[in-house]
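Q: Heads up: the sequence lines are chains G and L, in that order.
Each step along the first sequence adds one to the number in our numbering, with nothing skipped, and position 178 is 195.
Each step along the second sequence adds one to the number in our numbering, with nothing skipped, and position 196 is 213.
Among the clues, some could well be false.
Copies of the same chain look alike in the list, so a pair counts if it works inside one copy or between any two.
Said to hold, decoys possible - Keeping only pairs whose Cα atoms sit at most 30 Å apart, straight-line, the calculated DSSO-like set for lysine-lysine is:
| hint | residue 1 | residue 2 |
| --- | --- | --- |
| 1 | K189 | K322 |
| 2 | K360 | K47 |
| 3 | K189 | K441 |
| 4 | K266 | K189 |
| 5 | K411 | K139 |
| 6 | K322 | K410 |
| 7 | K202 | K189 |
| 8 | K441 | K360 |
| 9 | K65 | K100 |
| 10 | K100 | K240 |
| 11 | K139 | K42 |
| 12 | K135 | K422 |
| 13 | K440 | K360 |
| 14 | K47 | K139 |
| 15 | K441 | K33 |
| 16 | K434 | K360 |
Hint data in this document are derived by calculation from the structure and do not stem from the laboratory.
What follows is each chain in one-letter form.
Protein chains: 2
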Amino acid sequence: MASSFLPGEPERPVVKTEIPGPASKEYITKLTQVFDTRSLNMLADYTKSVGNYIVDPDGNALLDVYAQIASIPVGYNNPVLRKAAESPEMVTALINRPALGNFPSHDWADVLETGILKVAPKGLNQVFTGMAGSDANETAYKAAFMWRRQRDRGGPAVEFTEEEMESSMLNKSPGASELSILSFKTAFHGRLFGTLSTTRSKPIHKLDIPAFDWPHATFPQLKYPLEEHAEENAKAEADSLAEVEHLIKNYHVPPAAVIVEPIQSEGGDNHASPAFFRGLRALTKKHGVLLIVDEVQTGVGATGKFWAHEHWDLPEPPDMVTFSKKAQTAGFYYGDPTLRPNKPYRQFNTWMGDPARALLFRAIIEEIQRHDLVANTARVGDYLFGKLEGLAKKYPGQFDNLRGKGQGTFIAFDNPKRDEFLKKAKKFGVNIGGSGASAVRLRPMLIFEKHHADILVEALEKVVSS
Amino acid sequence: MASSFLPGEPERPVVKTEIPGPASKEYITKLTQVFDTRSLNMLADYTKSVGNYIVDPDGNALLDVYAQIASIPVGYNNPVLRKAAESPEMVTALINRPALGNFPSHDWADVLETGILKVAPKGLNQVFTGMAGSDANETAYKAAFMWRRQRDRGGPAVEFTEEEMESSMLNKSPGASELSILSFKTAFHGRLFGTLSTTRSKPIHKLDIPAFDWPHATFPQLKYPLEEHAEENAKAEADSLAEVEHLIKNYHVPPAAVIVEPIQSEGGDNHASPAFFRGLRALTKKHGVLLIVDEVQTGVGATGKFWAHEHWDLPEPPDMVTFSKKAQTAGFYYGDPTLRPNKPYRQFNTWMGDPARALLFRAIIEEIQRHDLVANTARVGDYLFGKLEGLAKKYPGQFDNLRGKGQGTFIAFDNPKRDEFLKKAKKFGVNIGGSGASAVRLRPMLIFEKHHADILVEALEKVVSS
């Protein structure tokens, strides 16, 4: 059975050669001369890839549940996206790229309102647009620092002092603030200098790069199955919140904001309960610290809600929500007007995003709504999770700490020989990614259906039983 | 006379209304509700803009010598770019965006070699691709830090110590290195956390944002006309180089690299002589410090060379050259293979650039070469400079410190009432930008011709004489 949403998918994976095969190897040899290919996973021919299937130059077609590090939303060569890409609007946007802060196009408000803002998280009706996830988080951090200093200064009307202006030019306090962003252990928020200071994934991401003296708290390490460890897990979450509060009150570089992922993704798919996040919202509110929710990987439907933080039933929204990846553009949503700094040109850069990519997100949203793909993902995720529970019982030790129940297809498990597991999966026709130390993370697209889940489960079984 | 390079340009500017006119005002009111418009300069209708002319929704058509903060290379709605934007290759690239480090497309080497690398600066045959100027500079900084630590550690084969790995996760030395990037006063290199620490343009760009304790040296402040101040200027440059050397040897956070713009652009169009830059290359080489040339604003033809540092006649190339803006994509060029870090995933992110924008740069390069637009810019720049010298003589005090001779159309002057000057220019049909405290900076596109220069000069004369 092929896809219900997209024409032209193969019925099943096709594995014709070793991966990389001879044609791929030739291309890789050429590419290595000018581009670092040591992190290359597989080469792709995107003209031939379709729907849930990534196709390589040797004619191998793999069911892709990695999806460009969770960034392809509605399938390769989706015809609705193709139509948007071929539209006169897109062509104009591509060849006349504006400096959005200075010279926005007359229809920019319309593009925002029918696209990026149409899916704005509840309570957040403003957006600052950017280029990619790191950029979205860094501009959110900047907004947090300016907001906090403005509050402490006595409001937007209070002018900067001479001392502040002079010391800022020397990278010194008080002009350069001595404030921090609090993040969590095993978090990933990006790899530029500000975001990397909040990223705590792996040494290889951080080694040799100067970092800010910013605090981090322990993220609750839940035990699975959840129902057998309710008490311990509640304690882990309470301890984490207590640590956050302690750091907010005592860290020598005070946090202006706490940033958290709804599910720590690069860090190994670490979950916490809605109660934990409600606690975090209450705590940050109590201490006048902003809460930034990093939905770069969790956003745009994969957890069975458009935004993963909708699972939490928060009494008040986060202060900022950052997005990228499946949105194919980036930025941060906010609601409080005081998060716009008190003067122009404080939060500014040349491009401030990309209208072409904003048009693409608009088409993605249309496609998601047309097929109700968020509901599809919730439904297929439940189905897949059930099947994986079966596998976990059948193959003890191979699908450890199965997690992501009720979180759409945002599912992971641990395997003791994870890297080998991922390699083997290719032989059985499936492209899967890993994260953290031992997690196999599933990141299907939103057009992933039950029959794709069946193919995946069959392949996973072959991987552990072969 | 209309453009020789592009069909459809108006003969002259058209100013029908105040700017913003009634139609623009309506759009702006709507946009302000969801997007910060306080830095808005003018609204544009890009469907109607053409060549050197930016058109607004009220039908005003201004000769655009600001060009989206120097980022439009070959004119609005350039037909060659349109063709590239409509090509099947572009559509595929737009709708199937890869994680380039993991899953590059089979033709990525070809896209690089026929595009970005076709214009690689002499001696630099490798590229790391990125999204925008800030990103290009930050990844270049990361390369510098990893390179330096690797050298000090004893080479790529030396493994990280346990202490380095553990301390890196705590943002502490030795894992997080205590090294710096040395930049210059009045430099601008971007506004993310690492680049902002090297940016020394204005307090409004830096206030409230935490910064690294990195050093900066005085950029030579040349006096004009150059021929009347040869001795003083040579001394200013010698002093600057001595300060750089002193900081390299003594700053308590040692520099891994020096970053410099060929012409400090946002900082007010501050120039230095080729001898200064040759001195800087010699000095950095002598002390084992990398030299990064930031060509984000100067690159891609505007100075009458493809890269501005070609004016310097360097005996050895810079270690890295960063680019963006007119390239419509971004990244850094390098040559030394040891600038690829010793392990994969150290210099990595999800998208690592954008093949769609790489295709656009390829088309830009084709268009530049087809019409020999770099030579055109050199020629028209000389013509324009001569005319401006005439104006400067005729209107003393209005075109102070006229600079950029022999640097294509990359020309600037100071005006005591700069902001008013720029506003008035719109009334006379010209869109111009400022920089630094009092500079009027000219940033025409590469398709700017003599008759455009005549229109510009005529308008400038009206501005100062009205």
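Q: A separate judgement is required for each hint: does it hold in the structure or not?
A: Results for each hint:
1. For the identical chains of this complex, K189 and K322 are neighbours neither inside a copy (43 Å) nor across copies (38 Å), given an alpha-carbon limit of 30 Å.
2. Taking identical chains as interchangeable, the C-alpha atoms of K360 and K47 lie at most 30 Å apart only when they sit on different chains, with a minimum of 20 Å there against 50 Å within one chain.
3. Neither within a single protomer nor between protomers do K189 and K441 lie at most 30 Å apart by alpha-carbon distance, with minima of 53 Å and 38 Å respectively.
4. With identical chains, the CA atoms of K266 and K189 are at most 30 Å apart both within one copy (23 Å) and between copies (21 Å).
5. Taking the closest pair of Cα atoms, K411 and K139 never come within 30 Å of each other, the shortest separation being 42 Å inside a single copy and 61 Å across copies.
6. For a Cα distance limit of 30 Å, the shortest separation of K322 from K410 inside one copy, 28 Å, qualifies, whereas the shortest one across copies, 67 Å, does not.
7. In the homo-oligomer, the alpha carbons of K202 and K189 lie at most 30 Å apart both inside one protomer (28 Å) and across protomers (15 Å), since each shortest distance falls under that limit.
8. Taking the shortest Cα distances, K441 and K360 sit within 30 Å of each other only across copies (23 Å), while inside one copy they are farther apart (55 Å).
9. Both within a single protomer and between protomers do K65 and K100 lie at most 30 Å apart by alpha-carbon distance, with minima of 17 Å and 22 Å respectively.
10. Taking identical chains as interchangeable, the C-alpha atoms of K100 and K240 are never at most 30 Å apart, the minima being 46 Å within one chain and 56 Å between chains.
11. For the homomeric pair K139 and K42, the shortest alpha-carbon distance between copies (29 Å) is at most 30 Å, but the shortest distance inside one copy (48 Å) is not.
12. For the homomeric pair K135 and K422, the shortest alpha-carbon distance inside one copy (28 Å) is at most 30 Å, but the shortest distance between copies (50 Å) is not.
13. In this homomeric assembly, K440 and K360 come within 30 Å of each other (Cα to Cα) only across copies, at 20 Å, whereas the closest approach inside a single copy is 52 Å.
14. For a Cα distance limit of 30 Å, the shortest separation of K47 from K139 across copies, 20 Å, qualifies, whereas the shortest one inside one copy, 48 Å, does not.
15. Taking identical chains as interchangeable, the C-alpha atoms of K441 and K33 lie at most 30 Å apart only when both belong to the same chain, with a minimum of 15 Å there against 68 Å between chains.
16. For the homomeric pair K434 and K360, the shortest alpha-carbon distance between copies (21 Å) is at most 30 Å, but the shortest distance inside one copy (54 Å) is not.
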